[in-house]
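Asker: Here's the letter readout for the chains.
2 protein chains.
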Amino acid sequence: MKSLSWKKWITVLAAISTVLFLVMCGGNQSQNGGVAGGEDLQSIAEARGLTPADLVAAAKTYMPTGKHDDYFMFASGGHSGQVLVIGMPSMRLLKVIGVFTPEPWQGWGYSNETREIMQGGNVDGKALHWGDTHHPALSETDGDYDGQFCFINDKANARIAVIDLRDFETKQIVKNPLSLSDHGGSMVTPNTEYIIEGGQYAMPWSGKYASLKDYKEKYRGMVTFWKFDRKKGRIDESKSFALELPPYWQDLADAGKLVSDGWVFLNSFNTEMSTGGVEEGNPPFEAGASQRDMDYLHVINLKKAVKVFEAGKVSKINGFNVISLKTSVAEGLLHFVPEPKSPHGVDVTPDGNFLVISGKLDPHVTIFNFNKIKSAIENKTFSGKDDYGVPILDYDTVLETQIEVGLGPLHTQFDQNGFAYTSLFLESAVARWTLGGDFTKKHGKEGWTLIDKISVHYNVGHIAVAEGDNVNPDGKYLVSLNKWAVDRFGNVGPLLPQNFQLIDISNPDGNMQLLYDMPIGIGEPHYAQIIKADKIKSWEVYPEIGWNPGTQSKDPNGIRPGEEKVVRRGNKVEIWMSAVRSHYNPERVEVRKGDHVIWHITNVERAKDATHGFALPGFDFNLSLEPGETQTIEFVADREGVYPFYCTEFCSALHLEMAGYFLIKP
Amino acid sequence: MKSLSWKKWITVLAAISTVLFLVMCGGNQSQNGGVAGGEDLQSIAEARGLTPADLVAAAKTYMPTGKHDDYFMFASGGHSGQVLVIGMPSMRLLKVIGVFTPEPWQGWGYSNETREIMQGGNVDGKALHWGDTHHPALSETDGDYDGQFCFINDKANARIAVIDLRDFETKQIVKNPLSLSDHGGSMVTPNTEYIIEGGQYAMPWSGKYASLKDYKEKYRGMVTFWKFDRKKGRIDESKSFALELPPYWQDLADAGKLVSDGWVFLNSFNTEMSTGGVEEGNPPFEAGASQRDMDYLHVINLKKAVKVFEAGKVSKINGFNVISLKTSVAEGLLHFVPEPKSPHGVDVTPDGNFLVISGKLDPHVTIFNFNKIKSAIENKTFSGKDDYGVPILDYDTVLETQIEVGLGPLHTQFDQNGFAYTSLFLESAVARWTLGGDFTKKHGKEGWTLIDKISVHYNVGHIAVAEGDNVNPDGKYLVSLNKWAVDRFGNVGPLLPQNFQLIDISNPDGNMQLLYDMPIGIGEPHYAQIIKADKIKSWEVYPEIGWNPGTQSKDPNGIRPGEEKVVRRGNKVEIWMSAVRSHYNPERVEVRKGDHVIWHITNVERAKDATHGFALPGFDFNLSLEPGETQTIEFVADREGVYPFYCTEFCSALHLEMAGYFLIKP
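Residue numbers (our numbering), protein chains in the order written: chain A, 1 to 666; chain B, 1 to 666.
Source of the hints: derived by calculation from the structure; they are not laboratory data. Be aware that a few hints might be false.
A pair holds if it fits inside one copy or across any two, identical chains being indistinguishable in the list.
[To be verified] Pairs of lysine to aspartate or glutamate, DMTMM-like flavour, derived with a Cα cap of 25 Å:
(1) K535 / D351
(2) K316 / E217
(3) K175 / E640
(4) K126 / D638
(5) K126 / D620
(6) K565 / E279
(7) K126 / E634
(8) K303 / D236
(9) K208 / E640
(10) K126 / E113
(11) K593 / E280
(12) K218 / D638
(13) K608 / D487
(14) K213 / E590
(15) K593 / E634
(16) K126 / E116
(17) K313 / E237
(18) K372 / E404
(19) K313 / D236
(20) K213 / E272
(21) K208 / E331
(22) K445 / D146
(23) K208 / D620
(24) K535 / E193
Bear in mind the structure is a predicted one, so any value in this text is a computation, not a measurement.
Produce the complete structure using the sequences and hints provided.
Answerer: What follows is the structure, encoded as structure tokens:
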């Protein structure tokens, strides 16, 4: 097919095109090191088997040296425990941010400060060394990304981390006191007042053992609202609270926006309350949790819940503020809407008017109308209650419409042209369909209509449109986060990369166009958000020499050149060291076996990119000291020997000489 | 400049080109999801500010969906502790291989087997959780890469790891018993008989404390030759040995090939034996180690050394076989050649005839002639001896020539057209120059002559030419491993990515052409090797169900479907579990607090890409189970509670339901 497509035109246009391409594209000089004379796009394309569409895709994604990408994508790393930062449209990995897993290139988890931050996520006092990051959430102002923070959940242990985008480093990790499972995080409210963390696999509400026989009585779901203090850049646990929920398996959440601001929507599966047990002849969870036709969309009045919390109508569970299910029902904080079974996402349209849900075993997207929901709640248009007394809104009353989009619909995002995009896992495709409401008038197209689809490779989970889940989508691009790659990349063994596919969605009247395949061989991303690059205003170097990134303020142990010293007090030896191209000061440090060593190191450089490392062999320490940064390590010199420390960054031509000896006398 | 270049031609050719491009490149259908009608390269290029040279570069590097890269690059990850696998020419990161740092996406370091492999690298019994990988070495047959194994050193703790390219996983880590520092690893001999590991910062030879005052007497350098058992895929420590060396700081090594097969070359710096001490008014190492004009290239007769070792002329140091410096001198195993000071690499030409060395403070590359070295040794043409009695060959006798290439020359690689390429750190450029000897005849160009340079951005360390350090270079591409990126990429905070630049060197009569900038935001690579993709024959799934990747054989605890069971013996509970789309069996596991749990999990899938994960919340375990794989975790159930385990891979539409409950009764 590809060679035919070429041949057809080439035969006719060969002579003229060769000349033209040579002239246009084969100039014998350029800023890029010189193009060899006589090179032309046609012969390169033929040699490499590129179609005309491939050349267009190449031109749309190629980023020449020194040019910067238009967007940053923040993708979760899945069970790598990290967050990936990717430039778009070039789809180049710009950084992996250490979050739940120690990462020595960044020194993340190898210094006092970074270990302390990680220990905020300890479970029962036990330090953890990985996480399962799922859904990054960029901070928002008025429902629009503001480029200040990124939040990320750890599904495996129910934790939330805060990343400061001034330096792209993790500043805080909090452990949910109620659950070990939080697939439904993290999402933010339109002004980042709260970070939403929904649970997944229900747990005994006590936090202790409870038999699965007592599942219905003793297991519970939850959703937690973490209060974010933007000025401090930290979650304020004391102002945070949770809602007790029935032991369904809650899934993803979304915050209302504009008309639905103040509300939170959270869907669920396993409302069957199956407890598995395939080994005993029970249906496995995959069947047991898929028996009923409908599960429940949870509609939560957050604004009202905050008032209930502030009125003190909470109990403490594991020391945490919890609004009981009974109180939620009594105060009208929680209502259910029947939703096609086992949905995998609820997505609020940019105008806040509609909620899009996809039951993953149903070929439709189901659209609920927020105003109808609000009215149904006000008018108590209930079709019944669940076993826990939660009122169920009448499905037909709140339904806007359904659209058949294809097999295995999962997640929906939006653009600025009134389109919605839904991932189709089973069909390996992305469907594009029109929003109703205002869209019909604005764009002269029929609303609530499937327009077209594009194949992806393969098995897409989430999709991300540029700014496609906030109030002002910027949908030039869509990224399909495919879970399987199969044949897309060269064989690198039985563990395959995933495949991020970049799709051009900029032409509302044309087709979607596949531009680029990006292998992901460093984690298993679930969701991503894409922000315009010019919204990120990060630091190039730390504001002052002696900066502590953990506190984002001056470190009392930061020093300037000339202030280096080693002080012994009893068996405590404290070192204040500087690092500069290309030596440490001091270069020799001698202690006695058994000494307690506290070692502060400050990079006194002010030049951008002048990072120094600090490796201490045999003691499992490596630091990454960005210009101005101070870090501290602390340990007992528990054996005699000589340990050559050195700078792990290639900081100058003499970087190999940036070393010293740490000696432990017997 | 760029817009001028466009305007110049566009003005003249506007009308015809628009039509032509539309026809050629804007066809309204393609396999890639359809090109919207009316798109043309010219308008895309103008909109994106691409020059004609940029379009050529885009066409040369773009990889359409489903097409596989022509080369794999294996790059060290520096202090990330890992190895990066990159497809070329697309420069896409295909995989990060966990080596010295635990990596949960791969389950690396989170299971019994993988922890045991990591513990092979313990220092004084202490487990380490990072490394500083520097120089990957692909296994060779007859001096050519054979695609079977990759070796990598940890400079920070003097360790070597073995990666099996059947599954791209680490199989062995060995700790050097003599040193904590091994910058001079890893390199292989032409049939991978030995893996070379040279030390760097000299250490007390005792392994114990010794004052820096006794540096000359008590500190020593070393080079270790690890015997590789290709059949077992493991290093055989008992057949390995080291050479004691003077306490200079040895640097990189290279093995001889063809005529120089059986020899090893190793350079050094700090032959001044400076011990630093800037804090006491001494010159810092960067100055102290740069005082003499010449350091010493170490010329080692490995073939002879093996005979000396096999004859038992070794002593045991820390239980390891060591040939003493005295024996080396007496047996003629070691000679020195003066080399311009502080060199950073020795590189043997593809024909084995010449050694290229760059003193990094000297603008020349210095080329020694192996045959002259051999003759000088035979004829004892010495200019003296060093303080340790090692004979120094006469510099002028063994020198072939010097070529002025530019500022801060570091490393040299070769292509098949008789060119050598040298990185210039201070000049931020790569120099291309001609080899002498046979080259002059073969290519009709003058030998030993600088041809041209290309700028890079910025501060290149190593370079890698495709197969450019073996006997058959395949130099279509060169990658410049730049240590600084500065302004090349969007700002992601004070810690910047490095920059890999892809350079087209395929035209021996034209210029080198910069094709692509790849940011590296996941480590700090030092060196890379590039191998033709078709040489890698990796497995798509494990050979049998119940496979143990650690041993590359069937695991006695691997099971087939139907063999699942839970067995209690006293307080020991052992579980044999299967994983298949989309459930575990068993789904419920209940133990008592204090039980010792041994949990074997087998992925019983046979489909490519059908990986399952296994996360156990609160207990810091995550496994990655490729099709057929068995892994084991073991722990004490030290607290009561309920822990929902689940599959961390998005393995099917019902992956969220692939879960179960692990209950610990009080």
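Asker: Now tell me, hint by hint, if it's right for this structure.
Answerer: Status of the hints after comparison with the structure:
1. K535 / D351: within (22 Å within a copy, 54 Å between copies)
2. K316 / E217: Answer is within; shortest intra-copy Cα gap is 19 Å, inter-copy 68 Å.
3. K175 / E640: The answer is between: 18 Å across copies meets 25 Å, while 39 Å in one copy does not.
4. K126 / D638: For K126 and D638, the Cα distance is within 25 Å both inside one copy (24 Å) and across copies (11 Å).
5. K126 / D620: For K126 and D620, the Cα distance is within 25 Å both inside one copy (19 Å) and across copies (9 Å).
6. K565 / E279: For K565 and E279, the Cα distance is within 25 Å only across copies (9 Å; inside one copy 65 Å).
7. K126 / E634: both (20 Å within a copy, 16 Å between copies)
8. K303 / D236: within (18 Å within a copy, 67 Å between copies)
9. K208 / E640: between (45 Å within a copy, 6 Å between copies)
10. K126 / E113: Both. Shortest intra-copy (17 Å) and inter-copy (22 Å) distances satisfy the 25 Å Cα cut-off.
11. K593 / E280: Between. Shortest inter-copy distance 23 Å satisfies the 25 Å Cα cut-off; intra-copy 58 Å does not.
12. K218 / D638: Classified as between: cross-chain Cα gap 22 Å, same-chain 48 Å, threshold 25 Å.
13. K608 / D487: Between. Shortest inter-copy distance 9 Å satisfies the 25 Å Cα cut-off; intra-copy 41 Å does not.
14. K213 / E590: between (62 Å within a copy, 12 Å between copies)
15. K593 / E634: Only inside one copy: K593 and E634 sit 14 Å apart there, 34 Å across copies, limit 25 Å.
16. K126 / E116: For K126 and E116, both the intra-copy (13 Å) and inter-copy (21 Å) Cα distances are at most 25 Å.
17. K313 / E237: So K313 and E237 pass the 25 Å test inside one copy only (17 Å; across, 68 Å).
18. K372 / E404: within (22 Å within a copy, 79 Å between copies)
19. K313 / D236: Within. Shortest intra-copy distance 19 Å satisfies the 25 Å Cα cut-off; inter-copy 68 Å does not.
20. K213 / E272: within (14 Å within a copy, 76 Å between copies)
21. K208 / E331: neither (28 Å within a copy, 71 Å between copies)
22. K445 / D146: Answer is neither: 32 Å inside a copy and 59 Å across each miss the 25 Å cutoff.
23. K208 / D620: between (35 Å within a copy, 19 Å between copies)
24. K535 / E193: Only inside one copy: K535 and E193 sit 20 Å apart there, 55 Å across copies, limit 25 Å.
Hint violations for this structure: numbers 21 and 22, all remaining hints satisfied.
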